[in-house]
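Q: Sequence:
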Amino acid sequence: MNRLTAVVLRHRVIVALAWLAIAIAGGTTAPTTVDRLTFDFDLPGQPAYETNQRIIDQFGSGGLTDPLLLVVDGADAASRADEVADGVRSAVPGTRTVSPGDDGAGVLATDEDSAIVVAYPPLTPGPESYAEAQPALEQVARGATSDRTTVTLTGFSVLEEGGGDDRGLIVEVLIGGIGALVVLGLVFGSLLAGLPLMVAAVSILGTFLALLGLTYLTDVSAVVEYLIALIGLGVAIDYSLLVVTRWREESAKGVDNDEAVRTAMATAGRSVVFSGVTVAVSLAALVLVPIPFLRSIGLGGLLIPLFSVAVSLTLVPALLSWAGPRMNWPRRKPAVTRSRLWAGIATRVLRRRWLTVAGSVVVLLAMAAPVLGLTLGTAQLSGLANSSTASRALVDAVEGSVPAGVVRPTEVLVPEGDTRTTVERLQRLDGVAAVVAPSGQEWSADGRSLLQVWTDTDPTTEAGRAALQRVRDEAAGLGADVGGTPAEDADFISAVYGKAIWVVIGVAVVTLLLLARALRSLWLPVKALALNALSLAAAYGITVLIWQDGYGTELLFDRSATGAVTIWVPIAAFAFLFGLSMDYEVFILSRMREEYDDTMAPAATVPSADAPNEREATDRAVVEGIANTGRLVTSAALILFFAFIALSTVPTVEVKVLATALAFGIAIDAVIVRGLLAPALVGVLGRANWTIPPILARVLRLPTAEPSSGP
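Residue numbers (the UniProt record's numbering): 1 to 711.
Warning: the hint list may mix true and false statements.
FRET-style restraints, in silico, Cβ to Cβ [claimed, not checked]:
id	residue 1	residue 2	range
1	388	421	39 to 47 Å
2	34	615	50 to 58 Å
3	687	39	21 to 29 Å
4	25	348	33 to 41 Å
5	18	530	35 to 43 Å
6	219	550	32 to 40 Å
7	338	615	16 to 24 Å
8	53	139	24 to 32 Å
9	186	389	19 to 27 Å
10	39	556	21 to 29 Å
11	439	34	27 to 35 Å
12	186	556	22 to 30 Å
13	688	7	38 to 46 Å
14	39	392	43 to 51 Å
Since the hints were made in silico from the structure, they are not lab data.
Just so you know, these numbers come straight off a predicted model, no measurement behind them.
Glycine included, each C-beta is placed from N, C-alpha and C at the ideal position.
Taking the hints into account, I'd like the entire structure generated from these sequences.
A: Encoded structure:
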């Protein structure tokens with residue numbers, strides 16, 4: 001670290017200009033980068049995905065996309081629905097429809113006054129599958145509406161679009177940036193508040209430039225765009241804040257500016273490196289998942305800590321060396337990092353360490369309890385309900401006895417000669433409301449026919465998933481292939497979570513070894529992993545409580561509960577939260593280790609009767625460690641919290657759910673875990689905190705003495 005700092009200080013102008021060039025290149029090419037991002041959620045090799053691909057190739061729609069529905073209300077609704085179906089096929093050639101007049105589709109007419117038309121228009125490439133067809137179908141609905149009949153276009157994709165307005169990424173970044181600026185202004189009270197934001201901007205633009213190169217090597221999900229902009233904002237600010245705060249502390253001692261920079265880099269800089277590596281390791285968990293969509297999030301996410309660390313270790317010291325003292329104006333707040341408030345909190349925690357541990361664990365377990373009822377899947381129909389006409393029409397139809405499975409059908413691809421047998425066998429299954437084999441030629445291609453299977457209940461519910469599994473088991477014995485979005489969701493869950501435990505164990509072991517080397521301790525890393533598990537469980541529990549169970553969803557997001565947690569959110573939240581939470585642990589424990597070493601060093605050199613014992617040294621390390629990092633961790637957590645709040649304003653429901661998990665995860669971790677439980681546990685462990693088995697020390701090649709590395 002000292003060698004790198006010396007090079008940076010010697011060539012600070014070149015370093016600054018190099019990052020400026022990278023930022024300009026990243027900003028210039030950003031539109032191209034965004035255009036190259038994909039909206040695919042492919043599951044290559046999974047049965048439902050392969051079947052859905054064949055359905056799309058042979059029939060031009062369906063498979064990966066749920067149908068649009070036209071709800072007909074009024075006198076003689078069933079016959080009017082058949083007429084609407086004819087109008088749909090005329091307005092959008094190539095559209096496949098099912099209406100009450102088709103054999104076996106009588107369940108689409110709930111009574112004489114209400115009926116449904118199922119429509120599969122040709123797909124449009126991009127995030128909105130029916131972008132071209134939907135306006136034409138809306139026109140059909142308006143044209144068929146009269147004084148006696150109302151026709152409403154609805155369906156899963158229509159209701160999903162009603163969840164928000166697409167204001168663009170710049171709005172979310174501004175929200176996060178303004179929140180960060182407020183926090184930084186309170187921390188520094190000077191022009192230094194702008195330095196971490198400047199560094200974050202450079203880091204984000206540099207990451208986008210690297211992302212452009214990545215898009216030429218593999219498909220990258222459009223979700224990564226938001227993650228880089230907003231999580232990158234928080235992480236880059238956190239790392240630069242760590243360095244700047246330590247530089248400010250050293251400068252207040254009256255040392256030479258460059259010497260203050262060197263000390264900051266030798267201490268806080270080392271913490272930044274270990275924190276960045278820890279975040280990168282946790283994100284590597286997504287790269288190991290056999291799903292291209294999640295792998296791309298992992299690869300794109302890996303760029304965030306790597307660029308944040310690189311900028312913090314090079315651009316930050318260069319700028320501090322060049323203009324640090326001038327930027328520390330007007331200094332309305334004293335350059336003191338030690339917080340009397342946090343020192344007092346740590347002292348009170350240690351007085352009641354066992355009570356604090358017990359109370360904190362009980363609170364975290366209570367927060368985590370809802371995760372026991374976790375349901376993974378796409379939003380249930382009830383979760384898409386709102387005050388719109390499209391929502392009311394569909395909910396009324398389903399409540400009027402139309403099978404909920406009509407909204408998200410299971411599609412079965414069968415050889416034409418086996419159609420009747422397959423329909424009869426599947427129709428007898430428990431939980432199946434209807435099996436339809438439409439007679440139109442658009443439902444047959446290449447010697448195979450496409451069946452519609454509608455379950456009695458929403459496929460996202462437990463009963464719906466059980467019915468789907470029965471359909472898949474029966475179809476396998478008939479030589480038929482099962483597709484549709486419910487089947488692909490089931491395969492997604494199996495592929496991601498079937499072996500997730502091994503990925504989690506691998507990440508935990510690597511993190512344990514990294515922290516053991518950084519902290520020269522075994523029990524501090526073990527404690528950190530245990531607390532991370534509690535923190536993650538609490539974040540999952542709150543997410544389930546809000547989005548699945550609906551407590552506060554309307555208040556916070558002005559929409560109904562989804563009834564399920566998006567299937568990829570838990571693994572993605574683990575990858576990000578595990579690393580980000582460990583950041584704070586590294587910040588705090590590194591400073592505690594430094595304080596402990598400084599306290600015990602004189603006693604080791606010159607034994608004295610007045611030398612502190614292990615408990616006194618540990619307690620002092622806890623108090624001083626929290627006192628010197630409490631304000632920093634709180635500020636860093638607030639900045640990330642604002643970034644995740646900004647992320648939650650993205651219109652996409654799935655991203656909102658992820659942002660909720662991340663925001664509450666960071667808040668819980670910073671306040672309860674790192675502010676109370678972690679210092680209490682360090683106090684409880686005492687001397688065990690600072691020891692490491694000789695065998696492990698040799699494996700990690702630990703030197704007999706390590707320089708302090710606290711933030």
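Q: Hint by hint, which ones does the structure fall short of?
A: 3, 4, 9, 11, 14
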